[in-house]
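Sequences listed follow chains A and B, in order. Residue numbering for the first sequence follows the working numbering, starting at 1 and increasing by one per position. Residue numbering for the second sequence follows the working numbering, starting at 436 and increasing by one per position.
Read the hints as simulated data drawn from the structure, not as lab findings. Keep in mind it's a predicted model, so treat the numbers as computed, not measured. Mixed in with the good hints there might be a few duds.
To be verified - Simulated DEER-style distance windows between Cβ atoms: (1) B:Glu575 with A:Lys277: 50 to 60 angstroms; (2) B:Ser530 with A:Glu133: 55 to 65 angstroms; (3) A:Gly126 with B:Pro461: 38 to 48 angstroms; (4) A:His340 with B:Ala532: 51 to 61 angstroms; (5) B:Phe682 with A:Ala167: 15 to 25 angstroms; (6) B:Lys444 with A:Asp160: 50 to 60 angstroms; (7) B:Glu575 with A:Glu133: 37 to 47 angstroms; (8) A:Lys137 with B:Pro611: 21 to 31 angstroms; (9) B:Met463 with A:Asn151: 53 to 63 angstroms; (10) A:Gly149 with B:Ala800: 43 to 53 angstroms; (11) B:Leu959 with A:Lys192: 32 to 42 angstroms; (12) B:Glu504 with A:Ala167: 37 to 47 angstroms.
Said to hold, decoys possible - Calculated pairs, DSS-like style, for lysine-lysine (alpha carbon to alpha carbon, straight line, at most 27 angstroms): (13) A:Lys186 with B:Lys818; (14) B:Lys937 with B:Lys818; (15) A:Lys186 with B:Lys657.
Each residue gets a CB set at the ideal place from its N, CA and C atoms; glycine is no exception.
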Amino acid sequence: MAEVVKVCTQNFGKGAQDIEVYKKLGGYANISERLFNMSQFELIDYVQRSNLRGRGGAGFPTGMKWSFVPRNSGKPVYIVVNADEGEGGTFKDHFLMMEDPHRLIEGLIIAAWALGSRAAYIYCRGEFLPCIESINKALNQAYAAGYLGENIMGTKFCFDIFVHRGAGAYICGEETALINSLEGQKGQPRLKPPFPAVSGAWKSPTCVNNVETIMALPWILQHDPSEYAKMGTPRAGGTKVFCISGDVKNPGVYEAPLGTPMMTMINEYAGGVVGGKLKAVLPGGSSCAPLTAEEAAVATMDYECLASMKTMFGSGAMIVINDTHNMVDLLNCLGNFYSHESCGQCTPCREGTGLLHRMLNLIVAGKGHDGDVELMQSLCGGFGGVTICPLSISLGGPVSSYTAKFRADFDEYIAKNPDHAKPRVQETYRPGIFW
Amino acid sequence: MSNYYNMPKLPTENSPKVEIFVDDKPVMVPGDTNLLEALKAVGIETPHVCYHPFLPVSGNCRQCLVEQEGPRGRMLVIACYTPVAPGMKIYTPASSARVKNARKATQEFMLVNHPLDCPICDKAGECTLQENYMEAGQNESRMRPEYGKNYHGNPEHQFIDAKGQVRGGKHVDLGPRVLLDEERCVQCDRCVRFMRSIAGSEQLQLAGRADHTYITTFPGEKLDHEYDLCVTDVCPVGAMTAKYFRFQKRVWLLSHTPTISMDDSLGANIWLDHADGHIYRVMPRCNPEVNRSWLSNTSRLAFQNFDKNRLPAIDVESLPIGKGKIALVAGGSCTMEDLAALRMFKESLGDGAELFGGSLLKVGAPDGIAKSGDPVANRSGMKLMGFADVSEFMKRASEFETLVTVNADLFGEDAAVAKDLEKINCRIALSAFDDATARKATIAIGVRHWSEVQGTMVNSLNIIQKLNACPVCPDENLEAAYEVISELAGNKLESASAAFAKATEYASALAGLTYDSIKSTGKLLEGGNA
Chain A
1 MAEVVKVCTQ
11 NFGKGAQDIE
21 VYKKLGGYAN
31 ISERLFNMSQ
41 FELIDYVQRS
51 NLRGRGGAGF
61 PTGMKWSFVP
71 RNSGKPVYIV
81 VNADEGEGGT
91 FKDHFLMMED
101 PHRLIEGLII
111 AAWALGSRAA
121 YIYCRGEFLP
131 CIESINKALN
141 QAYAAGYLGE
151 NIMGTKFCFD
161 IFVHRGAGAY
171 ICGEETALIN
181 SLEGQKGQPR
191 LKPPFPAVSG
201 AWKSPTCVNN
211 VETIMALPWI
221 LQHDPSEYAK
231 MGTPRAGGTK
241 VFCISGDVKN
251 PGVYEAPLGT
261 PMMTMINEYA
271 GGVVGGKLKA
281 VLPGGSSCAP
291 LTAEEAAVAT
301 MDYECLASMK
311 TMFGSGAMIV
321 INDTHNMVDL
331 LNCLGNFYSH
341 ESCGQCTPCR
351 EGTGLLHRML
361 NLIVAGKGHD
371 GDVELMQSLC
381 GGFGGVTICP
391 LSISLGGPVS
401 SYTAKFRADF
411 DEYIAKNPDH
421 AKPRVQETYR
431 PGIFW
Chain B
436 MSNYYNMPKL
446 PTENSPKVEI
456 FVDDKPVMVP
466 GDTNLLEALK
476 AVGIETPHVC
486 YHPFLPVSGN
496 CRQCLVEQEG
506 PRGRMLVIAC
516 YTPVAPGMKI
526 YTPASSARVK
536 NARKATQEFM
546 LVNHPLDCPI
556 CDKAGECTLQ
566 ENYMEAGQNE
576 SRMRPEYGKN
586 YHGNPEHQFI
596 DAKGQVRGGK
606 HVDLGPRVLL
616 DEERCVQCDR
626 CVRFMRSIAG
636 SEQLQLAGRA
646 DHTYITTFPG
656 EKLDHEYDLC
666 VTDVCPVGAM
676 TAKYFRFQKR
686 VWLLSHTPTI
696 SMDDSLGANI
706 WLDHADGHIY
716 RVMPRCNPEV
726 NRSWLSNTSR
736 LAFQNFDKNR
746 LPAIDVESLP
756 IGKGKIALVA
766 GGSCTMEDLA
776 ALRMFKESLG
786 DGAELFGGSL
796 LKVGAPDGIA
806 KSGDPVANRS
816 GMKLMGFADV
826 SEFMKRASEF
836 ETLVTVNADL
846 FGEDAAVAKD
856 LEKINCRIAL
866 SAFDDATARK
876 ATIAIGVRHW
886 SEVQGTMVNS
896 LNIIQKLNAC
906 PVCPDENLEA
916 AYEVISELAG
926 NKLESASAAF
936 AKATEYASAL
946 AGLTYDSIKS
956 TGKLLEGGNA
């Protein structure tokens, strides 16, 4: 395995939670004359040239997102850090914040300067207690050292960071639901437009970024943006923190350049598949379509390649599955999760995810019928692009792709039902005609 | 849910017309509204559940999907939240199979956990879900009984029925007037938005999420508001039902009479729903200028006393009117026709007669929803017809020797103030009810109630509105007040249109109007400011 440049994870295991250690490792070097002499446009241009794309899942170019934030709206601009991290298989933000909280703070100061923001909120999953402790400790140190608060480094620039603990709803990782939750309302996605960049938290321009995106900023500013862009693919620059879990020898958080072949990730970084042969890989978290072993052999970990294979890069959370598992069990697990986490706003998602879960439960319990799979596929057709947020697709996508790629697993389970060929209604049954 | 929902913009007569393409055909639609209203204006109905023209748009039912041509190809969008833009290309089920299937799919999802108990549901016959099913669904069920239903409901209210199925809460008592059937609820959020945005008192909430969402009040609180029965109107399904109407009548057996509620000077537009000679319920009638779709509980429940304690009709040749001065006092619910007849009567009596109108009740403040607070419904009409206020009469009551009241229960309204009136020797009461004034009168003549007459009234916004006769009069011999009075005046007005023609002679503001020219939503009189 070749030595790779580490952007976000370079301080892992070095005790960088302490500000002195972090500074010795080169931290806060960006917060200097140089940053405060740069104009907002220069800085946004910098980020645009680095080809940095949002690391939360959607992969939207960060520089472009920033450029949408209106400058003279007369309202404060808020930065919200999405540290909700609810997607199944994703655990990178948790580690990043725990190991290197000062990098997040430094990145936020850079982002605040670029957006002209006065305050940032870190919306953190409430269960991440050690991580919140680590952040709070770092915040106290940064305030004491004068990196945060009034008149940072003797300039007129003032900036505050607040940590907000979420209550652990998956949907609060969606940016508008996150903003609703931050405001104290029920965490449900809002109708768009207006988009948060124009009217977000408290109806003010709001920029919602993932933890990893913000944490890449200090490196980009320290080095040249072209150097960052060089590491990735032509359309997405830099490195990515991957979370590899499942049937691998060394599950964990690994940083690698975008475009690394999937099998390199599994075999070299994570130590190879254990417990059996490779059956499937979920490349970007639980809501993406799985890749079969053959597809995984040719896939590279970047936005374009995975999109061309009809799955998605998502949050870079690879879940490796060996051939001892039945995909129906996995899908049932997802059905349980997504039907529980649907916010209950849109009809298809509210009622549909629950129905799919009940159908999957029956199949797993050996009570499936012929035609169940076709019905599930047809129901998922009713999810596509009709809801406020993509949560319905998060279950609909896997159901469609699991049933298409691993049909044998479903048939195996359905065959366990002795009555599986029984028709839905009796052949002789007809609804009564009264009129 | 978010508080950031915005009210929909509704088209008006002055809306600019823009050209859009619906199914590739150019049509001119109002340009300042949403797609759902614009399509409605050109006769294309879009099925919807959560959208209500007078409630903020929440866009959660996903039933009103249409396809819109955009930079990324044809996309499904919700018609209720998409603003009309010139030149936009829209595809409806008429040309797009994708829209048809998407609506059908939404319909199917909506019915997944909905109990199909229409035969015993009070809303059956006027249920949005049923209507949408006929329009967008009509699909044979693809579900197996094994899949089961996950009925919505508060875990505290859920129970297991005889078949072993977990059921949602039935007849949950929300407050003094409204019952909730949790499992019928489709989570459209309309009642929540009504209480928050219109009633201004956030008393309902959606609790839980996913398919265990249910409507509830805050812990320990009741749904209790002057407008709380409106949630039963906005509820598209049979989840919210009014205690007074529950199981009283199947709605398809009801006939509807459009009329005006004559207990407030805003003159809320209402439907009187009646069958076999009885009013069963009063529903608000949509009028964007007046009461929109809302009606206060007081106006809605007043019908329960319309047929009680009524005065019988008596045949009167002439009244025992003495010499001295005569006061003719019209009550708040007198129509323009009654007022015209009173003026005719005054003219026939000569100089000694004077006209007064109003009531002794206090005038309250407008609530901004469907009440102006003034109990004298036709006060503007009285001004147009040259009636002095009743307070004027009270000051000079001792001057008069005869008092004729028409639906004016002065003794009932304020017995202490009205006590002096007992000194007037001859007191003649024309009244629908056997009220305090009728009981103290020398002669009490029964007339029809406002719900049983045709007529017009001018509301506080100076809009002239039309009343229609609901065929629920308890006694066929009863006549409208204007008929009785005009007969006494010696020139019987046989119909409301004849009486209205008489009224236009007296009031210049009504000049040029005829009874039939007034639309069901009324007409703004000149000089008025709606």
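Cross-check of the supplied hints:
1. For Glu575 (chain B) and Lys277 (chain A), the hinted distance range of 50 to 60 angstroms is not satisfied, since their beta carbons lie about 44 angstroms from each other.
2. Between Ser530 (chain B) and Glu133 (chain A), the C-beta spacing of about 59 angstroms keeps the proposed range 55 to 65 angstroms intact.
3. Checked against the given bound of 38 to 48 angstroms, the beta carbons of Gly126 (chain A) and Pro461 (chain B), roughly 54 angstroms apart, lie outside it.
4. Between His340 (chain A) and Ala532 (chain B), the C-beta spacing of about 33 angstroms breaks the proposed range 51 to 61 angstroms.
5. Against the hinted window of 15 to 25 angstroms, the Cβ-Cβ separation of Phe682 (chain B) and Ala167 (chain A) comes to about 42 angstroms, which falls outside the hint.
6. Separated by about 39 angstroms at the C-beta atoms, Lys444 (chain B) and Asp160 (chain A) break the suggested range of 50 to 60 angstroms.
7. Taking 37 to 47 angstroms as the suggested C-beta distance range, the pair Glu575 (chain B) and Glu133 (chain A) does not conform, at roughly 57 angstroms.
8. Evaluation of the 21 to 31 angstroms hint for Lys137 (chain A) and Pro611 (chain B) yields a failure: the beta carbon distance comes to about 54 angstroms.
9. As the Cβ distance of Met463 (chain B) to Asn151 (chain A) is approximately 60 angstroms, the hint placing it in 53 to 63 angstroms holds.
10. Between Gly149 (chain A) and Ala800 (chain B), the C-beta spacing of about 50 angstroms keeps the proposed range 43 to 53 angstroms intact.
11. For Leu959 (chain B) and Lys192 (chain A), the Cβ-Cβ distance of about 39 angstroms falls inside the hinted range of 32 to 42 angstroms, so the restraint holds.
12. Separated by about 41 angstroms at the C-beta atoms, Glu504 (chain B) and Ala167 (chain A) satisfy the suggested range of 37 to 47 angstroms.
13. With a C-alpha separation of about 52 angstroms, the suggested pairing of Lys186 (chain A) with Lys818 (chain B) is violated against the 27 angstroms cut-off.
14. Proximity of Lys937 (chain B) to Lys818 (chain B) is assessed by CA-CA distance (about 16 angstroms); at most 27 angstroms being required, the pair is judged to hold.
15. Distance hint between Lys186 (chain A) and Lys657 (chain B) is fulfilled; the C-alpha atoms sit about 21 angstroms from each other, no more than 27 angstroms.
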